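Residue numbers (the numbering used here), protein chains in the order written: chain A, 1 to 469; chain L, 470 to 823.
For the record, the hints were derived by calculation from the structure and aren't laboratory data. Quick caveat, the model's predicted, so the values are computed rather than measured. Watch out, some of these pointers could steer you wrong.
If you want the ones that stay clear, here's a sample from chain A, every Cβ over 12 Å from chain L, calculated [what the hints assert, rightly or not]:
no. : residue
1   : 70
2   : 85
3   : 113
Distance condition first, Cα-Cα at most 20 Å in a straight line; then the derived SDA-like pairs of lysine to any residue [what the hints assert, rightly or not]:
no. : chain 1 : residue 1 : chain 2 : residue 2
4   : A       : 223       : A       : 437
5   : L       : 574       : A       : 453
6   : L       : 690       : L       : 700
7   : L       : 574       : A       : 447
8   : L       : 574       : A       : 68
9   : A       : 223       : A       : 442
10  : A       : 223       : A       : 443
11  : L       : 574       : A       : 39
12  : L       : 574       : A       : 47
13  : L       : 690       : A       : 411
14  : L       : 690       : L       : 766
15  : A       : 162       : L       : 771
16  : L       : 690       : L       : 674
17  : L       : 690       : A       : 442
18  : A       : 162       : L       : 767
19  : L       : 690       : A       : 143
20  : L       : 690       : L       : 751
21  : L       : 690       : A       : 68
22  : A       : 162       : L       : 766
23  : L       : 690       : A       : 321
No residue lacks a Cβ here, since even glycine has one placed at the ideal position from N, Cα and C.
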Amino acid sequence: MVPLGLTTVQLARVQFATTSLYHFLFVPLTLGLGPLVAVMQTKWHRSGDERWLRLTHFFGTLFLINFAIGVATGLVQEFEFGMNWSIYSKFVGNVFGAPLAMESLAAFFLESTFLGLWIFGWNRLSPRVHLATIWIAVAGTWLSGYFILAANSFMQDPQGYKIVNGEAQLTSIWQLLTTKWTLFAFTHTMLAGLTAGSAVVFGVCCWHFARRGNIELFRPAAKLALIVLVPASLLNLGFGSEFGVLVTDLQPMKIAASEAQWQTCTHCPFSLFQIGGFSASDPTPSFVINIPDGLSILATNSLGGEVQGLNEVNQSEQKQFARQFGRNQSYLPPVEAIYWSMRGMAYAGSLVALIAVLGAIFYRRRKLEQRRWFLWLAVAGSFLPFVATTFGWLLTELGRQPWIVQGLLLTNRANSPAVSTAWIVTSLVVFIALYLALLVVDIWLMRRYAGRDPRTAEPEHGPEAVPSY
Amino acid sequence: MDLQNVWFVLIAVLWSGYFLLEGFDFGVGMLLPFLARDERERSQMLRTIGPVWDGNEVWLVTAAGATFAAFPAWYATMFSGFYLALLLVLFFLIIRVVSFEWRSKAESRRWRTIWLWANAVGSFGASLIWGVGLANLLYGVPINSSGDFAGSFWDIFSVYTVLGGVTIVLLFAFHGATYLTIRTAGPLCERAAATARTLSVAAAVVGSVFLAWTVDVATDKNEKDVFPPVLPAALGIAALVLAVVLVYRRRSGLAFAATAAAAVLWTATIFTSLYPRVMVSSTGFSNSLTVDGAASAHYTLVVMSVVALIFLPLILLYQGWTYYVFRARVTGGEPDPEESAPEPAPPEAPPTVA
C-alpha cells in the first residue's frame with residue numbers, strides 16, 4: 001500500500017512536515033501575542049485606564065483560543081520523533097533529548113501553570129501578583145522556544161558531541177545550548193513571533209477601523225502594535241540576511257540551493273525570479289531577473305564574495321562520505337522547492353515590513369482610520385507573517401536534506417523500522433482530517449472574537465469579565 | 470545507586486505524578502456528561518480543574534521528554550512500537566485540550582454538546598490506552614534482537630493489558646469523583662459523593678484483581694521474585710479498600726487521599742515489577758530492553774540530574790501554590806461572564822466538526 005508511490009521515509013517526512021508546519025502556525029502567534037497582552041495589562045495596572053483592561057481581555061481571548069491548539073499539537077511533535085524516527089531517536093537521544101527534557105522541566109511547566117493562574121486568578125490574586133503571572137507565562141513560552149530551537153540546531157550544526165559506538169553522545173551541554181546557530185535561530189524566530197503577534201493585533205485594529213467600530217478603544221492598541229511591528233519586521237529583514245551569512249559558512253548547500261546556484265561564483269547575482277534552472281541537467285534558467293552582486297552581498301557581506309555552487313558542494317560531500325555511503329549518493333536537496341521557499345519567506349517578510357512602515361506613517365499623520373484601502377491591506381497583511389514563517393521552516397528543513405543531522409545521519413536511514421507504510425498512512429489521514437477540522441473551527445472562532453465589539457461585550461463587570469470556562 | 474537507576478525511578482515518579490494529577494482531570498472529564506444536570510453544573514465541574522489541567526498534563530510531556538533524554542532506546546522502541554495506540558492517545562488528548570478553551574466560546578446547544586463529549590471521550594480514551602500501554606511494558610510485546618517492535622497493533626491487547634486499561638478508567642473516574650467531592654459545593658457535591666460510592670466497589674475489586682495479577686505477571690513474564698512487586702501491589706489494594714470505607718463514611722478529604730495513593734501505587738507496582746527491565750520482550754526474553762542497556766551516557770544523565778534537582782522542587786512549589794490559590798470550593802454561583810455578558814451579534818451556526 002504505497003499511495004502516490006511514496007516510500008515509508010517520504011511518508012514519514014510528509015507527516016513531520018505537515019504536523020510541524022501546522023504547529024508552527026500557532027507558535028509564533030503565542031510567542032508574539034503573549035507579550036503584547038502582558039504589556040496591555042501592565043498599562044492598565046500602571047494607569048488604571050479601563051481601555052487597556054478591555055484590550056487585555058479582548059486580545060487575551062484571542063491568545064487563549066490559539067494557545068490551546070498550540071499546546072495540543074506540540075505534544076504530537078514530541079511523540080513523533082520516537083514514533084516515526086526511532087533510529088534517529090536512538091542516534092541523537094543522548095544529545096537531542098536533553099534540551100527537550102529541559103524544555104519541559106524549566107519552561108513548559110512554568111508556562112502552563114502560570115497561564116492557568118492568569119486565566120482564573122483575576123479575583124483570587126492581588127493585581128500585582130496577577131500581572132506577574134502573565135509575564136512569567138510569557139517568559140516560559142520564550143524559554144520554551146529557546147530549548148526547542150537549541151535541539152533543532154543540533155540537526156543543522158551539530159556541536160558539543162562525540163560519536164561512540166555509532167551514537168552521538170553529549171560532551172558539553174553548554175556548547176550545545178550556545179551555538180551560534182541557536183542564538184541566531186532564537187533571535188530570528190522571536191522577532192518573527194513578535195512580528196506575527198503585532199501584525200495580528202494591528203490587523204484586528206484596522207479591521208475595526210474599517211468597519212467604523214470602536215475607534216477610541218483600538219487606537220492605542222494599534223499604536224502599541226506598530227511600536228512592536230515596525231522594528232521587529234525591519235530588524236528581522238536585516239537579521240535574516242545576517243543569518244544567511246552564517247548559513248553560508250555552516251551549510252553551503254542550503255544557500256546554493258536557495259539561489260539555484262549550480263556553479264561556484266564570485267560577484268554572484270541574486271535572482272529575484274526565474275523560470276527553469278532547477279536541475280543539474282538544466283542549470284541555466286530560461287528567464288531570470290537578477291540583482292547584480294546581490295547574492296554575494298547576502299551570503300558573504302561583500303560585493304565580490306565567493307559562493308560555492310551546488311555541484312561543487314555535492315562533489316566535496318561525495319568525496320568526504322564516499323566510504324560511508326558510496327560514491328553515488330547525491331547530496332543535492334530539492335532545489336526548486338528551496339528556491340521558492342526562500343523567496344516566499346523573504347517577499348512575505350518584506351511586505352509585512354512595508355505595511356508596518358506605511359501604517360506608522362499614516363498613524364503619525366492621523367490618517368490611518370481614513371485610508372480604507374490601507375486598512376483592508378493591513379487586515380490581509382496580518383496573515384503574511386505566517387506565510388513567511390512557514391516558508392522559513394521549509395527552507396531550513398528542506399535545505400538540510402538529504403541529512404537529518406547535517407553531516408552525521410541521512411534522513412532515509414533514520415526512520416522507524418517497526419512502522420509500516422499502512423500505519424503512517426493511517427496516522428497521516430487522521431492528523432490531516434483532525435487538523436483541518438480544528439483549523440476551520442479556530443478561524444471561525446478567531447473571526448468571531450476578533451470582530452466582536454468590546455463596547456457591548458463585558459460592559460460592567462470589570463475584572464470579572466475574563467475569559468474562562 | 471547508578472544514575473540510570475535514579476532516572477528509572479524519576480520516570481516512574483513522573484508517571485505517578487501524571488496519574489495522580491491528570492487522573493482526576495480525566496475522571497472529571499469522564500463524569501462530565503453524567504454528573505452535571507445543566508450547563509451551569511458543567512461549568513462548575515470544569516472550573517474545578519480549569520486552572521490546573523494544563524500544568525498537570527506537563528507531567529506527561531516531561532515523562533516523555535525524560536525518557537527520550539535518559540533512555541533513548543526505550544523511547545525509540547516504545548513510541549515506534551505503540552504507534553497506532555499513541556496516535557489514538559494523541560487524538561484523544563487533542564480533542565480534549567481544545568475542548569477546554571473552546572467549549573465556552575459559543576452558545577449553541579450543539580456546539581456545547583460537541584465539546585462536552587470531546588472532553589469526556591478524550592478523557593476516557595486516553596485513560597484506557599495509558600492503562601493498556603503501561604501494562605504492556607511488563608506483559609511483553611514482540612521485540613526482535615535489534616530492539617525493535619516486531620508485532621502488529623493487536624499484539625498490545627490481551628486480557629491482562631485490557632484489564633489494566635479498564636482499571637485505570639475506573640480508578641480515574643473514582644479519583645475524579647472524590648476530587649469533585651472536595652472541590653465543589655451544593656447538589657453537585659452530593660451527587661459526586663454518591664457517584665464515588667457507586668464507583669468505589671467496582672474500582673476496588675477490578676483494581677485489586679489487576680494488582681494481584683501484576684505480581685503474577687512480574688514473576689511469570691519478567692523473572693521477578695514476588696517481593697518487591699508485592700509491596701506496592703498490597704499497599705495499592707489497601708488504599709483501594711480504604712477508599713471504599715472512607716467514601717461510605719463520608720470522609721471526603723481522606724477518600725481523595727486514598728484514591729490519589731491508589732493511582733500512585735498502581736504506577737509504582739508496574740515500575741517495580743519492570744525493574745531492571747523497561748520493556749519486556751514476549752518473543753525472546755533476552756531481547757527485553759533493560760535500564761542499563763537503554764540508558765544514555767553518564768554525562769547526559771549528570772546534566773539531566775542537575776536540571777531535575779533544580780527544577781522539580783520549584784515545580785512542586787509553584788504547582789502546590791496553584792492548588793492553594795484555587796482551594797475554595799467551586800459553588801457554581803460565581804458570576805459567569807460568558808453567559809451574563811450581552812452578545813454583540815446573534816450567534817452564528819457553528820461549523821460542523823467531526
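Hint numbers the structure violates, sorted upward? 1, 2, 3, 4, 9, 10, 11, 12, 13, 14, 16, 17, 19, 21 and 23
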